[in-house]
Amino acid sequence: KNEVEQSPQNLTAQEGEFITINCSYSVGISALHWLQQHPGGGIVSLFMLSSGKKKHGRLIATINIQEKHSSLHITASHPRDSAVYICAVRSGNTGKLIFGQGTTLQVKP
Amino acid sequence: GAGVSQSPSNKVTEKGKDVELRCDPISGHTALYWYRQRLGQGLEFLIYFQGNSAPDKSGLPSDRFSAERTGESVSTLTIQRTQQEDSAVYLCASSLTGGSGYEQYFGPGTRLTVT
Chain W
1 KNEVEQSPQN LTAQEGEFIT INCSYSVGIS ALHWLQQHPG GGIVSLFMLS SGKKKHGRLI
61 ATINIQEKHS SLHITASHPR DSAVYICAVR SGNTGKLIFG QGTTLQVKP
Chain V
1 GAGVSQSPSN KVTEKGKDVE LRCDPISGHT ALYWYRQRLG QGLEFLIYFQ GNSAPDKSGL
61 PSDRFSAERT GESVSTLTIQ RTQQEDSAVY LCASSLTGGS GYEQYFGPGT RLTVT
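Taken in order, these protein sequences are the chains called W and V.
What the first sequence shows, in the numbering used here, is residues 1 to 109, in sequence order.
What the second sequence shows, in the numbering used here, is residues 1 to 115, in sequence order.
Hints listed in this document are in silico derivations from the structure and should not be mistaken for laboratory results.
All C-beta atoms, glycine included, are put in the ideal place defined by N, C-alpha and C.
Do not take every clue at face value.
To be verified - Not the full set, but computed from the structure, chain W residues with beta-carbon under 7 Å of chain V:
| hint | residue |
| --- | --- |
| 1 | Ile-43 |
| 2 | Ser-45 |
| 3 | Met-48 |
| 4 | Gly-52 |
| 5 | Thr-94 |
| 6 | Phe-99 |
| 7 | Thr-104 |
Work out the full structure: start from the sequences and follow the hints.
Okay, structure coming up:
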């Protein structure tokens, strides 16, 4: 079993839909990251959080430390949101990341 | 300011050859990470540098892989006697320092193809 599990693996949505991607982890963490990877491979950090909730534009990330679970929400989804979304956790004191397998999101117009 | 850069962007090599991949982190970032993403798979950690030291090399898959960092700046990942299973995108990331609380900024990656 992977230390970081994401669901769903693939997600297709219609433009405007509310999207949720889930991440569960089994290790102790100091922080959790949500990353976005577009075709072509470039990775952008969306959020880094260790508790509670963060919002940036149409994106919201939440984390429940007790449940070892995080969610990424996209409101009013748009085709340009189509990408792979990756959950990653920092465990230990080196800062290295342990990654989930990613969720491939396609938003259709 | 300038982000993390990597070179080359693409590398095709024959099985058995050695390759060197370069990472230029953001200036002033003392922590540097190498990750690998094989086709259809998730990212995996290879090695972490704090300054010029590598306190965590636990992700290097075999002794054919090595990395160094000089001047608390540029890092080179070397793969000796490449194998087809080494084909992957190799990503470098840097952060202000290691540990929690600091964002990691990723480079564009080097796509390595071993034929």
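Do the hints match the structure? See the list:
1. Because the smallest distance between the Cβ of W/Ile-43 and any Cβ of chain V comes to about 4 Å, under 7 Å, the interface hint for this residue holds.
2. A distance limit of 7 Å between C-beta atoms decides the matter here; for W/Ser-45 the minimum to chain V is near 6 Å, and the interface restraint holds.
3. At about 6 Å, the closest approach between the beta carbon of W/Met-48 and any beta carbon in chain V falls short of 7 Å, and the interface hint on this residue holds.
4. Evaluation of the W/Gly-52 hint against chain V yields a violated restraint, the C-beta minimum of about 15 Å exceeding 7 Å.
5. At about 5 Å, the closest approach between the beta carbon of W/Thr-94 and any beta carbon in chain V falls short of 7 Å, and the interface hint on this residue holds.
6. Interface restraint check for W/Phe-99: the shortest CB-CB distance to chain V comes to about 4 Å, inside 7 Å, so the restraint holds.
7. Residue-level restraint check for W/Thr-104 is violated (minimum Cβ-Cβ distance to chain V is 11 Å; threshold 7 Å).
Checked against the numbered hints above, the structure violates hints 4, 7; every other hint is satisfied.
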